[in-house]
Amino acid sequence: MRAITIPTPGGPEAFVVDDVPVPAVPAGSVLVRVHTAGINRADVLQRKGFYDPPAGSTRIPGLEVSGTITELGEGVEGWNVGDRVAALLTGGGYAEYVDVPAGQLLPVPENLSLEDAAALPEVLCTVYSNVFMGARLQPGEWLLVHGGGSGIGTAAIQLAKHFGAKVAVTVGSERKAQFCRDLGADAVINYRDEDFVERIEEITAADAEAAGRTPGANVVFDIIGAKYLERNIKALAHDGRLAIIGLQGGVKAEINLNELMRARKTVMATTLRARPAAQKAAIVAAVSQDVWPAVADGTIRPIIHSVHPLAEAGPSQELLENGESIGKVLLSVSEENA
1 MRAITIPTPG GPEAFVVDDV PVPAVPAGSV LVRVHTAGIN RADVLQRKGF
51 YDPPAGSTRI PGLEVSGTIT ELGEGVEGWN VGDRVAALLT GGGYAEYVDV
101 PAGQLLPVPE NLSLEDAAAL PEVLCTVYSN VFMGARLQPG EWLLVHGGGS
151 GIGTAAIQLA KHFGAKVAVT VGSERKAQFC RDLGADAVIN YRDEDFVERI
201 EEITAADAEA AGRTPGANVV FDIIGAKYLE RNIKALAHDG RLAIIGLQGG
251 VKAEINLNEL MRARKTVMAT TLRARPAAQK AAIVAAVSQD VWPAVADGTI
301 RPIIHSVHPL AEAGPSQELL ENGESIGKVL LSVSEENA
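Note that full-length UniProt numbering gives residue 287 to position 287 of the sequence shown, counting from 1, and the numbers run on in steps of one.
Rather than coming from a laboratory, the hints here were simulated on the basis of the structure.
A couple of the hints might just be wrong.
Stated by the list, open to error - Here are the computed distance ranges between Cβ atoms for each label pair:
1. Gly-140 with Pro-109: 27 to 37 Å
2. Leu-257 with Pro-309: 47 to 57 Å
3. Glu-174 with Pro-109: 26 to 36 Å
4. Pro-315 with Leu-257: 37 to 47 Å
Stated by the list, open to error - Below, a list of computed lysine to any residue pairs in the SDA-like style, where the Cα atoms sit at most 20 Å apart:
5. Lys-234 with Arg-264
6. Lys-48 with Gly-11
7. Lys-252 with Ala-226
8. Lys-48 with Ile-6
9. Lys-161 with Gln-138
10. Lys-227 with Asp-195
11. Lys-48 with Pro-9
12. Lys-234 with Arg-192
13. Lys-48 with Gly-314
14. Lys-234 with Glu-198
15. Lys-234 with Ala-206
16. Lys-234 with Thr-266
17. Lys-234 with Leu-260
18. Lys-227 with Gly-249
19. Lys-48 with Pro-315
20. Lys-227 with Asn-190
21. Lys-227 with Ala-269
22. Lys-234 with Met-261
23. Lys-161 with Asp-290
24. Lys-234 with Thr-214
25. Lys-227 with Asn-322
26. Lys-252 with Ala-269
27. Lys-161 with Ala-294
28. Lys-48 with Pro-12
29. Lys-227 with Glu-254
30. Lys-161 with Trp-292
31. Lys-234 with Gly-212
32. Lys-252 with Thr-270
Glycine included, each C-beta is placed from N, C-alpha and C at the ideal position.
Taking the hints into account, I'd like the entire structure generated from these sequences.
Here's what the structure looks like:
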């Protein structure tokens, strides 16, 4: 099969289209013929040599795909050859075939194309597991999302609004600001010329006074890491929760524990890729139950910036690196069974 390999980490040219064996199908897994693969920042880091796959997993990049089941492993129930699926992966998505634990599959609704479906597994599982399962965002609370125009950000806006929360986002351009407003964001902060700590306090002041609580975000969803840590903590209301999923702004920073203790603030940080299979299956099951019906009826929709051939995996990643994209960037692997 054709697959992207990384003989030597580096720039976009580090990706090589190679012929590799079709993976075997372990018990409890299925083989999926990949139609479309999603591009994520973890893939960019892996290409550069900064993010090795978990021990024992494939070194082919790619954390989400859509496609069709072509083979069932021993013990798999509830799925059939020919089923259209979207899948959350530990790796292997930039290829014509990938083996997937059955617990990490989602059925593609009839109203959704396979291309559209590939834009959903990673962002929905990441947002739901961190913002709702971890940080416990409640109806009526305020969520502050950094990177509102990203794939993660556009998913977070939709999920927050679907579950009755209010959402503010940070963006770096008016183009992205308007897109986020149109998608449902209640407030938009341009981080280039506004202090997001001051602005989130102003934005939430009226709601906080009416509810008898302090102004600020109830949950902050962060992709930046160390650079924003101190300000993210300040941006939280009392009893607020900070969920960190990215380290674009560095890995080390100091925390004022007194700030956390006196206002009962919580800091949590996770990655999805390194979670054990059982945890991933539990997240996928929760998304299937609580979110996927809204995908099926069109309430929550994929936001896709562009789709590129598999051979252009390297250049297409530059859209994420330079901040041009709004929503997801995808790779077209096969035109069959669309």
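Against the structure, the hints come out as follows:
Evaluation of the 27 to 37 Å hint for Gly-140 and Pro-109 yields a pass: the beta carbon distance comes to about 29 Å. At about 50 Å, the beta-carbon gap between Leu-257 and Pro-309 stays in the expected band of 47 to 57 Å. Checked against the given bound of 26 to 36 Å, the beta carbons of Glu-174 and Pro-109, roughly 34 Å apart, stay inside it. With their beta carbons about 45 Å apart, Pro-315 and Leu-257 fall inside the hinted range of 37 to 47 Å.
Using a Cα cut-off of 20 Å, the hinted pair Lys-234 and Arg-264 holds, with the two alpha carbons roughly 12 Å apart. The hinted pair formed by Lys-48 and Gly-11 meets the criterion: a straight-line CA distance of about 6 Å does not exceed 20 Å. A threshold of 20 Å between alpha carbons decides the hint, and for Lys-252 with Ala-226 the separation of about 5 Å falls inside it, so the pair holds. Of the pairs offered as hints, the one joining Lys-48 and Ile-6 holds, with about 9 Å between alpha carbons and a cut-off of 20 Å not exceeded.
For the suggested pair Lys-161 and Gln-138, the alpha carbons sit about 11 Å apart, so the restraint of at most 20 Å is met. About 14 Å separates the Cα atoms of Lys-227 and Asp-195, which keeps this hinted pair within 20 Å; it holds. Of the supplied pair hints, the one linking Lys-48 and Pro-9 holds, its CA atoms being roughly 5 Å apart against a limit of 20 Å. Of the pairs offered as hints, the one joining Lys-234 and Arg-192 holds, with about 19 Å between alpha carbons and a cut-off of 20 Å not exceeded.
Straight-line distance between C-alpha atoms of Lys-48 and Gly-314 comes to about 11 Å, which keeps the hinted pair within the 20 Å bound. The straight-line distance between the Cα atoms of Lys-234 and Glu-198 is roughly 9 Å, inside the 20 Å bound, and the hint therefore holds. A C-alpha spacing of about 18 Å is found between Lys-234 and Ala-206, which places the hinted pair at or below 20 Å, so the restraint holds. With a C-alpha separation of about 12 Å, the suggested pairing of Lys-234 with Thr-266 holds against the 20 Å cut-off.
Restraint check for Lys-234 and Leu-260: the C-alpha separation of about 9 Å stays at or below 20 Å, so the hint holds. Only pairs whose Cα atoms come within 20 Å are accepted, and Lys-227 paired with Gly-249 is accepted, the gap being roughly 5 Å. The hinted pair formed by Lys-48 and Pro-315 meets the criterion: a straight-line CA distance of about 13 Å does not exceed 20 Å. Taking the CA atoms of Lys-227 and Asn-190, the gap is near 17 Å; set against the 20 Å cutoff, the hint holds.
Proposed proximity of Lys-227 and Ala-269 is supported: the alpha carbons are some 15 Å apart, at most 20 Å. About 13 Å separates the Cα atoms of Lys-234 and Met-261, which keeps this hinted pair within 20 Å; it holds. Among the hinted pairs, Lys-161 with Asp-290 is consistent with the structure: their alpha-carbon atoms are about 14 Å apart, no more than 20 Å. Taken as a hint, the Lys-234 and Thr-214 pair is honoured in the structure, with Cα atoms around 12 Å apart against an allowance of 20 Å.
The suggested pairing of Lys-227 with Asn-322 holds, with an alpha-carbon distance near 18 Å, which does not exceed 20 Å. For the hint linking Lys-252 to Ala-269, the alpha-carbon distance of about 13 Å falls within 20 Å, and the restraint holds. Note on Lys-161 and Ala-294: the hinted pairing holds, with a Cα-Cα distance of about 12 Å set against a maximum of 20 Å. With a C-alpha separation of about 9 Å, the suggested pair Lys-48 and Pro-12 falls inside the 20 Å cut-off, and the hint holds.
A threshold of 20 Å between alpha carbons decides the hint, and for Lys-227 with Glu-254 the separation of about 10 Å falls inside it, so the pair holds. Restraint check: the Cα-Cα separation between Lys-161 and Trp-292 comes to about 15 Å, which is no more than 20 Å; the hinted pair holds. Between Lys-234 and Gly-212 the alpha-carbon distance is near 19 Å, which keeps this suggested pair within the 20 Å criterion. Among the hinted pairs, Lys-252 with Thr-270 is consistent with the structure: their alpha-carbon atoms are about 15 Å apart, no more than 20 Å.
When each numbered hint is compared with the structure, no violation occurs for any of them.
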